[in-house]
Amino acid sequence: MNFQKIRTLLGGYLFILPAFLFFIIFSAYPFFKVFQLSTTSWDGISPVAPFVGLDNFKDLLMDNPVFWHSMKNAFYVTFLALVVQNSLALLLAFLCDRDIRGGNVYRVIFYLPPVLSGIVVGLIWNWIYDGNYGLLNHFLTFIGLGNLTRAWLSDPQTALISVSVIHMWKGFGWGFVILLAGLQSIPRELYEAARVDGANSWIVFKRITAPLMIPVFILVSILTILGTMQIFDIIISTTGGGPGYHTEVPITRIVAMMIGSSKFGYACAMGVVFGLILLAISMIQIRVSKMMRQV
Amino acid sequence: MRAGMMEVNYEKVKKGTISFFIHCFLAIVSLSCLFPLWWAFASSLKTQQTVFNDLSLFPKNPQWENYYYAWAKADFSIYFLNSLFYTVVVVVGVLFVASMAAYAFSRLQFYGKNVLFLILISTMMIPIPGSFIALYVLLNKLHLVDHQLGYILPQINGGLALGIFLLKTFFDDLPKELEDSAAIDGCGRFRIYWHIALPLARPALAVLAIFNILAVWNEYLLAMLVLSSKQLMPLQRGLMVFQGAHITQYPLLMAGIVITVLPVLVVYLLLQKHIIKGITAGAVKG
Chain A
1 MNFQKIRTLL
11 GGYLFILPAF
21 LFFIIFSAYP
31 FFKVFQLSTT
41 SWDGISPVAP
51 FVGLDNFKDL
61 LMDNPVFWHS
71 MKNAFYVTFL
81 ALVVQNSLAL
91 LLAFLCDRDI
101 RGGNVYRVIF
111 YLPPVLSGIV
121 VGLIWNWIYD
131 GNYGLLNHFL
141 TFIGLGNLTR
151 AWLSDPQTAL
161 ISVSVIHMWK
171 GFGWGFVILL
181 AGLQSIPREL
191 YEAARVDGAN
201 SWIVFKRITA
211 PLMIPVFILV
221 SILTILGTMQ
231 IFDIIISTTG
241 GGPGYHTEVP
251 ITRIVAMMIG
261 SSKFGYACAM
271 GVVFGLILLA
281 ISMIQIRVSK
291 MMRQV
Chain B
1 MRAGMMEVNY
11 EKVKKGTISF
21 FIHCFLAIVS
31 LSCLFPLWWA
41 FASSLKTQQT
51 VFNDLSLFPK
61 NPQWENYYYA
71 WAKADFSIYF
81 LNSLFYTVVV
91 VVGVLFVASM
101 AAYAFSRLQF
111 YGKNVLFLIL
121 ISTMMIPIPG
131 SFIALYVLLN
141 KLHLVDHQLG
151 YILPQINGGL
161 ALGIFLLKTF
171 FDDLPKELED
181 SAAIDGCGRF
191 RIYWHIALPL
201 ARPALAVLAI
211 FNILAVWNEY
221 LLAMLVLSSK
231 QLMPLQRGLM
241 VFQGAHITQY
251 PLLMAGIVIT
261 VLPVLVVYLL
271 LQKHIIKGIT
281 AGAVKG
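As they're listed, the protein sequences go chains A and B. The opening position of the first sequence corresponds to residue 1 in our numbering, with each subsequent residue numbered one higher. The opening position of the second sequence corresponds to residue 1 in our numbering, with each subsequent residue numbered one higher.
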């Protein structure tokens with residue numbers, strides 16, 4: 001091996017060194033540290049972190065209904081997002097895929113809510129839902145449904161669904177853009193050829209559009225699940241998890257356990273359990289992506 | 001000929017009706033997207049007394065001084081400049097570090113290349129919701145809690161996986177001839193990367209930059225955990241602090257929201273094509 005070759009070899013490592021340092025310090029270390037801390041009862045301050053084995057996990061699985069309630073809430077929002085938000089996104093994508101005038105304008109507008117932050121969106125909707133001055137109540141009174149008015153976000157009956165609506169409002173444009181991109185990647189010639197062969201709209205949809213779109217739709221669904229399960233900004237800027245525990249989600253619980261109760265070890269155990277659930281979903285995502293590549 | 005025209009007209013009317021209803025539907029959805037934003041803007045121009053009862057969308061006496069108060073008296077100038085600073089630093093950091101690694105993974109030969117690449121990319125696949133606890137612990141040890149670097153470095157790291165992936169794909173598709181001839185001329189690896197590959201990668205770098213600008217500008221969780229002094233807070237954190245302290249000062253809060261949203265809006269409207277390209281590329285990342 002001559003000098004030149006060694007230099008070239010080292011060169012490669014030097015190029016990836018900064019990225020790797022970042023990875024080790026800010027990704028790998030926290031990743032393993034979470035597992036280690038999850039077996040302690042560390043309070044975040046004291047120099048020693050007492051080892052408690054799997055006690056945190058035992059307590060979490062057997063004795064923490066609030067955490068599982070928050071998980072249930074996240075699943076509820078996720079289910080709504082999957083059904084309502086993605087159906088709307090798909091419908092809009094189909095409508096805009098026709099050579100409709102102003103299609104691009106619609107696309108720009110629909111993608112506006114997704115570029116806003118969850119905090120901004122939450123704070124604006126806070127006011128729409130407000131019990132005393134909220135726009136929604138004004139509107140309901142105006143159309144003669146005054147008996148429905150309420151403080152939407154602090155009423156236990158409507159808090160979770162109200163938050164879900166905000167989340168879906170912010171998210172549907174994102175699904176729409178990806179689904180539309182999927183639709184537009186289908187070669188027009190395929191449609192024309194099918195038409196020439198005498199296929200009607202339904203056959204074209206069944207034989208061409210649907211098979212090509214299913215992988216994209218599955219991808220959007222899985223990303224919707226991952227994104228929605230980790231919902232946080234919209235919750236913290238509207239209900240903060242309340243009233244009671246009615247809009248608590250896993251991330252708000254983890255943050256509350258960490259900052260509110262100073263139970264760092266326990267919060268890490270929550271993170272691990274929640275992470276494993278998300279990992280299971282991610283595995284599906286990877287499989288689907290592989291399927292997509294083969295198509 | 002008349003009969004023919006009648007037929008054409010019938011078809012046309014049918015098509016026209018369908019497209020009319022489609023446009024109506026799309027317009028309603030569009031309005032629902034725009035209305036809350038306009039409502040926030042209109043409210044930011046009302047007074048504390050009128051804001052709860054005046055439902056007009058075009059306030060008669062626009063109180064532009066609300067923006068002055070929000071900017072100067074309610075600390076939004078500090079938050080704004082901080083957000084700007086964090087965004088610029090993180091984006092430059094991501095572009096630099098990611099492009100260097102991506103270039104190496106695409107062009108250079110070294111042992112364990114593929115494994116190292118997969119390891120770096122894996123962070124994109126595995127969600128680790130609890131890792132912010134350990135990240136906080138780490139930052140605490142490094143004395144970076146309530147420090148600008150504590151907010152900047154993790155976010156640079158956060159942008160790397162997607163950045164390396166996108167840029168490597170881009171470099172892979174780029175013809176090598178220019179670089180080869182530069183190498184023959186005796187150009188070093190770093191100079192080839194810096195002077196030849198990087199300028200060629202501008203379109204991909206732009207997509208990546210926009211992607212990260214939006215992510216950093218809109219980030220909240222890390223800012224909440226890491227930053228506690230007002231002097232260091234970005235806009236999202238500042239908004240929450242303001243609303244916590246002055247819950248009923250709606251016009252000023254809405255002015256703060258407009259200040260927060262305006263740059264995003266400008267960037268988005270100017271670059272929407274690239275943004276949408278980036279989103280689709282980012283989504284089909286697996």
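Treat each hint with caution, since some may be false.
[What the hints assert, rightly or not] Lysine-lysine pairs mimicking BS3-like chemistry, simulated, CA-CA at most 27 angstroms apart:
| # | chain 1 | residue 1 | chain 2 | residue 2 |
| --- | --- | --- | --- | --- |
| 1 | A | 206 | B | 15 |
| 2 | A | 290 | B | 15 |
| 3 | A | 290 | B | 277 |
If you are wondering where the hints come from, they were derived from the structure by calculation, not from laboratory data.
Cross-check of the supplied hints:
1. 206(A) <-> 15(B): Given pair residue 206(A), residue 15(B) holds - Cα atoms ~23 angstroms apart, limit 27 angstroms.
2. 290(A) <-> 15(B): violated (40 angstroms)
3. 290(A) <-> 277(B): holds (21 angstroms)
Violation of the numbered hints given earlier is confined to hint 2; every other hint is satisfied by the structure.
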